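J.: What follows is the residue order along each chain.
There are 2 protein chains.
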Amino acid sequence: MPAANPILIPELRVMIAEGDAQGLREVAEELHPATVAEFSEGLDPPEIWQLLASVPVERQAEIFPYYPMSRQVELFASADRHRLGELLEAMAADNRDDLLRELDPVFVEEILPLVAKAERHDIRMLLSCPDGSAGALMTTEYASLPADITAGEAITRLRSQAPDSESIYYIYVLDGERHLVGFVSLRDLILARPTSLVSDLMETDVIRVRVDEPSEQVVHKLARFDFLAIPVVDDENRLVGIVTHDDVLDAVRQEATDDAQRIAAIAPLGQSYLEAAVLSMTWKRGVWLTILFATAMLTALVLSQSPLEHGWLIAFIPLVIATGGNSGNQSATLVITALSTGDCKLTDWRKILRREAVLGLLLGTLLAVPGYLLAIVYAPSAAAAVVIPITIMAVVMMGTLVGSVLPLLFRSVGLDPALMSNPFVSAIVDIVGIVIYTTIAVAVLD
Amino acid sequence: MPAANPILIPELRVMIAEGDAQGLREVAEELHPATVAEFSEGLDPPEIWQLLASVPVERQAEIFPYYPMSRQVELFASADRHRLGELLEAMAADNRDDLLRELDPVFVEEILPLVAKAERHDIRMLLSCPDGSAGALMTTEYASLPADITAGEAITRLRSQAPDSESIYYIYVLDGERHLVGFVSLRDLILARPTSLVSDLMETDVIRVRVDEPSEQVVHKLARFDFLAIPVVDDENRLVGIVTHDDVLDAVRQEATDDAQRIAAIAPLGQSYLEAAVLSMTWKRGVWLTILFATAMLTALVLSQSPLEHGWLIAFIPLVIATGGNSGNQSATLVITALSTGDCKLTDWRKILRREAVLGLLLGTLLAVPGYLLAIVYAPSAAAAVVIPITIMAVVMMGTLVGSVLPLLFRSVGLDPALMSNPFVSAIVDIVGIVIYTTIAVAVLD
Numbered sequence: 001m002p003a004a005n006p007i008l009i010p011e012l013r014v015m016i017a018e019g020d021a022q023g024l025r026e027v028a029e030e031l032h033p034a035t036v037a038e039f040s041e042g043l044d045p046p047e048i049w050q051l052l053a054s055v056p057v058e059r060q061a062e063i064f065p066y067y068p069m070s071r072q073v074e075l076f077a078s079a080d081r082h083r084l085g086e087l088l089e090a091m092a093a094d095n096r097d098d099l100l101r102e103l104d105p106v107f108v109e110e111i112l113p114l115v116a117k118a119e120r121h122d123i124r125m126l127l128s129c130p131d132g133s134a135g136a137l138m139t140t141e142y143a144s145l146p147a148d149i150t151a152g153e154a155i156t157r158l159r160s161q162a163p164d165s166e167s168i169y170y171i172y173v174l175d176g177e178r179h180l181v182g183f184v185s186l187r188d189l190i191l192a193r194p195t196s197l198v199s200d201l202m203e204t205d206v207i208r209v210r211v212d213e214p215s216e217q218v219v220h221k222l223a224r225f226d227f228l229a230i231p232v233v234d235d236e237n238r239l240v241g242i243v244t245h246d247d248v249l250d251a252v253r254q255e256a257t258d259d260a261q262r263i264a265a266i267a268p269l270g271q272s273y274l275e276a277a278v279l280s281m282t283w284k285r286g287v288w289l290t291i292l293f294a295t296a297m298l299t300a301l302v303l304s305q306s307p308l309e310h311g312w313l314i315a316f317i318p319l320v321i322a323t324g325g326n327s328g329n330q331s332a333t334l335v336i337t338a339l340s341t342g343d344c345k346l347t348d349w350r351k352i353l354r355r356e357a358v359l360g361l362l363l364g365t366l367l368a369v370p371g372y373l374l375a376i377v378y379a380p381s382a383a384a385a386v387v388i389p390i391t392i393m394a395v396v397m398m399g400t401l402v403g404s405v406l407p408l409l410f411r412s413v414g415l416d417p418a419l420m421s422n423p424f425v426s427a428i429v430d431i432v433g434i435v436i437y438t439t440i441a442v443a444v445l446d
Numbered sequence: 001m002p003a004a005n006p007i008l009i010p011e012l013r014v015m016i017a018e019g020d021a022q023g024l025r026e027v028a029e030e031l032h033p034a035t036v037a038e039f040s041e042g043l044d045p046p047e048i049w050q051l052l053a054s055v056p057v058e059r060q061a062e063i064f065p066y067y068p069m070s071r072q073v074e075l076f077a078s079a080d081r082h083r084l085g086e087l088l089e090a091m092a093a094d095n096r097d098d099l100l101r102e103l104d105p106v107f108v109e110e111i112l113p114l115v116a117k118a119e120r121h122d123i124r125m126l127l128s129c130p131d132g133s134a135g136a137l138m139t140t141e142y143a144s145l146p147a148d149i150t151a152g153e154a155i156t157r158l159r160s161q162a163p164d165s166e167s168i169y170y171i172y173v174l175d176g177e178r179h180l181v182g183f184v185s186l187r188d189l190i191l192a193r194p195t196s197l198v199s200d201l202m203e204t205d206v207i208r209v210r211v212d213e214p215s216e217q218v219v220h221k222l223a224r225f226d227f228l229a230i231p232v233v234d235d236e237n238r239l240v241g242i243v244t245h246d247d248v249l250d251a252v253r254q255e256a257t258d259d260a261q262r263i264a265a266i267a268p269l270g271q272s273y274l275e276a277a278v279l280s281m282t283w284k285r286g287v288w289l290t291i292l293f294a295t296a297m298l299t300a301l302v303l304s305q306s307p308l309e310h311g312w313l314i315a316f317i318p319l320v321i322a323t324g325g326n327s328g329n330q331s332a333t334l335v336i337t338a339l340s341t342g343d344c345k346l347t348d349w350r351k352i353l354r355r356e357a358v359l360g361l362l363l364g365t366l367l368a369v370p371g372y373l374l375a376i377v378y379a380p381s382a383a384a385a386v387v388i389p390i391t392i393m394a395v396v397m398m399g400t401l402v403g404s405v406l407p408l409l410f411r412s413v414g415l416d417p418a419l420m421s422n423p424f425v426s427a428i429v430d431i432v433g434i435v436i437y438t439t440i441a442v443a444v445l446d
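These protein sequence lines are chains A and B, in that order. Following our numbering, the numbering of the first sequence begins with 1 at its first residue and continues without gaps. Following our numbering, the numbering of the second sequence begins with 1 at its first residue and continues without gaps.
Just chain A, with the same shape it has in the complex (with noise of 0.2 Å):
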């Protein structure tokens, strides 16, 4: 659980009021860094800042990245900044780039120059990078051979580069011009004969994505073939960097969140839903339930200039038309999230639609037959009732399409088809279900 644990807060801050350096330094040296992290959320930034001390900064910088992001603004914020130069530089360039994206520009301009020249330069490039981009997500650090060494010379020099934590497992071949020409990995170094030269033990069919590509391509390559970390080349084929597998996986997280608060109609907040302030989760549904407001005004105009003036016809306004939104918004939710899993393409939308069209006319005549039943009770005859189950059959049949066909536009146009959300389906199949109900009961009735 992120939350911090409420019964080390009291033994943390007794250590730090007694400034006992000795403990502090058991709990941050000790436990993994998550669990560090996790211990001491809840203790206020100066607090945390004198525990961190109590290590070096190689330690603070593989804890710091566990504490939630708005946590790490807020220390940055109250921390001395000659140490933030520093401990920008100890922490893994993935992680740093994170948080710089979360800071103030202008605050960002003003430690940089803290910071050793090698580590800004990678710092700029990886801020660069478009967010959304597989260079948003990638970091600098990774392990790099040529091709003509051996297996022995090979292992004897990665333990000379000895790169960060798991970027070790997966090395990346390059050419005298840093172009990525294959891969092989520490297990095929291991187990190979100390002789064999890399170049006979590398994979030269490489996986790989630009820098450019949206996150999502580099998410589906790397889920797909289940590799610890994919290569992130420029447009010359030049290795920049790599995504690992634990980023693809925050991603993943992240993009289905969006995904569902997209679908209920909810620019994404973007982070945790307990610290988005309130007047920005205002806005951020504020914008789309006033857009849905003004489109069910429109039933308002279209009920006032319907004929349908018998009261019981009225009494099933509103099943008529949750039916055809409950039915649409199954349809738009299987379509949404069959085209962002990589289920559906596009091309396949002539299956799609033919599918919905089944689905709906067995859903419409599961429902029309209680629809008719309840209909009678209250219809002035057993033939005027009819007008109900006809209308539920075409109203959800209507669902269904409306439901599949707008996220399919909407991906066709380019946009992402989440934006296409069940409240913005159902406010349109009501509109149009009234008219149909309208119709059909004329038509029945007169």
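If you're looking for bench data, these hints aren't it; they were derived computationally from the structure. Quick caveat, the model's predicted, so the values are computed rather than measured. For glycine and all other residues, C-beta sits at the position ideal for the given N, C-alpha and C. Treat the hints with caution; some may be incorrect.
[Stated by the list, open to error] Just the calculated beta-carbon pair ranges, DEER-fashion:
hint	chain 1	residue 1	chain 2	residue 2	range
1	B	N237	A	V106	45 to 55 Å
2	B	P105	A	Q22	52 to 62 Å
3	B	P370	A	E102	31 to 41 Å
4	B	V369	A	D446	35 to 45 Å
We have chain A; now place chain B onto it with these hints.
T.: Coordinates of chain B only, in the frame set by chain A:
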């Protein structure tokens, strides 16, 4: 893209027809296994088997799991039983388990005797773990070592274990009774002096999961700690398997899709949209549509008793209920996704309700303004028109509260909050909305 590449299929067909084993072997040997599966997915089962027959069974076992599950089942049903035993022996334990869970249990009992005894034991153990548990996600292939050897000896032993694919990167340290006492990464072994003892290099604070823990816990821990794999132990802390990052990524994507489908009131399909049988889909959607239909029938009942005899009030019915439903859906989706990603916990319920009450007030005020302007057009007097803005404020506040309370209630009794689907929230908001509308209209107009 998971669909077959249509360009290569004719070429593959020609090679199969001509019995060009050399050409087929090149295709099946040179490309990434996922690419081989993708290119050949569109072939008929006998053609796929002929393609696979061109390479050794170890390579077949690498390619096979990349076919979509429905295709794997079909291939198994159509194959010579003898080759199935060999293929099952060569497959990775987790991929094999995924497939066997999809097959008819009678068929599984028929083919298991064709598998070597040692593997059969593993298969039965994995199959006995309930769906949705850590045990069902795990593989039994992992690298393990005792604590009392040196790093140099450890690497030599790993060479002889030569574990499959990436499970070599984390090595679990076991005592004589297979109790999990620590873990060491291949990186640490490589970087250490060859004479260092494993017991000095190993991390003893191992994050682990129990075999019967729900898979969400596994996903949560692996994502939080950025591991490549997480060890699975039994009640007595004996290592029984590991769950790897790629299986977690698949589980996360599946969970997100299931959640989105539940939120739209569809029993999760559990397979790809285009692959699901139309009748099973009719059932999975129909059962919820029928329940929602029954709820919507109540709105007809309520409305038929309601004294909303003024024509202009009737025109606003869909607007009022759509607005309540939309704000309720937003709240429900936000709370459901926040609970499922771990952003909120049940104990945050006070914060959540306070937040939603404030938002309901703000959003209600926002929408009351255009509502009043429209109402003036239709209402007999500006005084009568105030029914609409008051109703809208009340309905939006009710919607946000119902939408946030219901998922919390479901979670508190141990049910999946996503079951508290948006259409269900809408249905409840519809009924209560009509009651509110009627009450306010009577109070203001009489």
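J.: The structure should be examined with respect to each hint, and the outcome stated for every one.
T.: Hint check results:
For N237(B) and V106(A), the hinted distance range of 45 to 55 Å is satisfied, since their beta carbons lie about 53 Å from each other. Remark: the range hint 52 to 62 Å for P105(B) to Q22(A) is upheld by a beta-carbon distance near 59 Å. Checked against the hint of 31 to 41 Å, the C-beta distance between P370(B) and E102(A) comes to roughly 35 Å, which is consistent with it. The given range of 35 to 45 Å is respected by V369(B) and D446(A), whose C-beta atoms sit roughly 40 Å from each other.
When the structure is compared with the earlier hints, no violation turns up for any of them.
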